[in-house]
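Could you build the full structure based on these sequences and the hints that come with them?
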Amino acid sequence: MSFERFGKISYVSQSKLSGFIKFLEEGKIAGTICEKCGKIYFPPRADCGPCLCTNLKWIELSGEGKIESFTNIHYPPTSFKEDAPYILAAVRLKEGPITLTTLNKSESVKDIFIGMPVHLVPVELSDDRLSFEARVK
Amino acid sequence: MKVSIVGVGQTKFGKRQDASSREIVFEAFQEAIDDARISSKEIDASIICSATHYEKQRSPAGVIAEYLGLNPQATFNLEAICASSSVGVRVAWSMIKSGLHNVVAVVGFQKMSELRSSEIQEVMGLSGDAMWESPFGTSMPAYYALYAKAYMERYGATEEHMAKVSVKNRHYGAKNPKAMFQKEITMQQVLDSKIVSNPLKILDCCANSDGASVLILTNEDRAKKMNDTPVWIEGLGLGSSSMSISGRQLPLTSFTCSVEASKQAYRMARLEPSDIDVVELHDSFSIAEIIGYEDLGLCQRGEGIKLIDENQTYVGGKFAANIDGGLISKGHPVAATGGSQLRTLVLQLRGESREAQVENAKFALSHNVGGIGMYGAVTILGV
Chain Z
0 MSFERFGKIS YVSQSKLSGF IKFLEEGKIA GTICEKCGKI YFPPRADCGP CLCTNLKWIE
60 LSGEGKIESF TNIHYPPTSF KEDAPYILAA VRLKEGPITL TTLNKSESVK DIFIGMPVHL
120 VPVELSDDRL SFEARVK
Chain W
0 MKVSIVGVGQ TKFGKRQDAS SREIVFEAFQ EAIDDARISS KEIDASIICS ATHYEKQRSP
60 AGVIAEYLGL NPQATFNLEA ICASSSVGVR VAWSMIKSGL HNVVAVVGFQ KMSELRSSEI
120 QEVMGLSGDA MWESPFGTSM PAYYALYAKA YMERYGATEE HMAKVSVKNR HYGAKNPKAM
180 FQKEITMQQV LDSKIVSNPL KILDCCANSD GASVLILTNE DRAKKMNDTP VWIEGLGLGS
240 SSMSISGRQL PLTSFTCSVE ASKQAYRMAR LEPSDIDVVE LHDSFSIAEI IGYEDLGLCQ
300 RGEGIKLIDE NQTYVGGKFA ANIDGGLISK GHPVAATGGS QLRTLVLQLR GESREAQVEN
360 AKFALSHNVG GIGMYGAVTI LGV
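Which chain is which? The protein sequence lines are Z and W, in order.
Using numbering that gives the first Met the number 0, the first residue of the first sequence is number 0, and each one after it goes up by one.
Using numbering that gives the first Met the number 0, the first residue of the second sequence is number 0, and each one after it goes up by one.
What the hints contain is simulated information worked out from the structure, not anything from laboratory work.
Owing to the predicted nature of the structure, the values given are computational and were not obtained by experimental measurement.
Backbone N, C-alpha and C define an ideal beta-carbon position, used for all residues, glycine too.
Careful: at least some of the hints might be erroneous.
Where chain Z lies over chain W, by a calculated footprint (3+ residues, C-beta under 8 Å) [as the list claims (entries may be wrong)]:
1. 113-121
2. 135-148
3. 190-198
4. 231-245
5. 249-255
Structure, rendered in structure tokens:
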């Protein structure tokens with residue numbers, strides 16, 4: 000099992016973090032936590048930069064967070080053409096980390112605001128691919 | 000020992016489907032050599048700056064140095080995306096300061112129209128973290144739009160404030176024969192233009208472009224012999240930020256790489272922001288100029304919109320910003336941009352700018368940002 004199943008299009012196929020895909024399959028949002036300094040990473044990292052250590056463990060996250068900023072993309076990269084417009088958001092999770100993600104297609108940009116509570120959920124895409132997205136609570 | 004920029008050259012920026020990248024570079028090189036009044040034989044190293052992915056040639060320094068007649072001297076490629084040629088100047092400064100080289104050419108170029116626009120769009124999607132962010136369909140404008148939205152929320156900025164940046168820059172672009180767009184626009188035109196990634200519209204964004212810039216640098220002794228009033232590099236700063244949004248400081252209202260770079264440059268130059276007469280800001284998007292005023296310490300946080308509202312960054316205002324039209328008018332041939340900004344400032348400090356000139360300018364600052372805010376390069380020049 001490898002990382003190439005992540006996202007609509009993946010540009011990185013091999014990683015120490017392929018376990019992330021397994022969590023998505025189980026409907027879970029998981030990050031990693033550094034056993035030395037306690038820092039939680041999402042998206043996960045295999046290594047802790049500040050500690051220069053590799054003692055990281057998977058940790059299941061609540062998925063709850065708030066929108067820090069967002070934009071409605073009208074001119075997407077070519078491979079995302081049929082999805083446009085779609086909403087890209089920076090989400091800050093309850094546990095601290097910030098991540099970039101898209102909002103569920105059913106959301107309308109006029110209803111979205113900074114500070115809006117959302118939760119991250121795993122999503123199955125076509126061709127057996129997996130990702131996550133934000134949904135309005 | 001100081002280091003001086005003694006020669007500047009730039010092609011007209013825009014779509015150049017009549018020439019290859021090496022031929023475009025040749026035009027700017029000729030102009031810089033003429034300006035410096037030296038022979039190309041005197042150049043003992045060239046730094047060839049270009050961003051990757053825009054053309055098929057691997058290691059372009061090989062072919063560019065050959066075409067310019069710069070073999071067998073030292074040459075190599077340098078890349079920091081949009082900030083490439085500013086970083087090139089930093090490296091050239093170090094090479095001269097160390098005594099390793101006497102005359103160094105910093106060549107910045109980009110031939111973006113070699114790709115189809117669908118290919119360019121795809122490349123732009125890879126401007127962020129390709130592992131965790133590109134799979135969500137990110138784009139250059141989208142990253143800046145996140146900052147625009149957060150800045151609007153925090154400081155009450157409006158789309159009109161951002162539009163005013165484009166109106167100002169296009170006003171000056173109309174006077175710059177080297178700009179891609181040489182026509183003024185109105186605020187209404189900006190507001191009515193097509194949405195790219197809201198709140199950014201097409202007239203808030205710089206355009207993909209072809210072009211080249213060349214700067215010739217040398218040491219103090221040589222510069223003094225060549226010119227009565229050489230333009231000196233007084234300060235250099237280079238900062239970085241995380242590439243991913245995950246590592247950025249919240250709220251998304253400041254590019255910390257620029258803050259770091261400007262602090263370094265002011266310290267090295269022993270100058271304060273208030274000493275600066277002319278500024279070239281990296282206005283890849285209109286919001287970036289407003290945030291840039293603040294990141295460079297040219298005004299307080301949240302006051303960037305006041306500066307633009309009160310027309311304080313036109314010639315005659317508190318300081319003049321992007322009076323060559325900025326990226327918004329000139330177009331943005333990625334790695335040529337930093338050199339173009341410095342060319343503008345050299346002409347300003349020499350008092351040779353024909354179109355828009357700040358009288359008796361003593362100190363000038365360029366701000367060149369790489370990518371979505373990973374690399375911040377600030378260069379302070381003085382006479």
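To test your reading of the hints: which numbers does this structure violate? none
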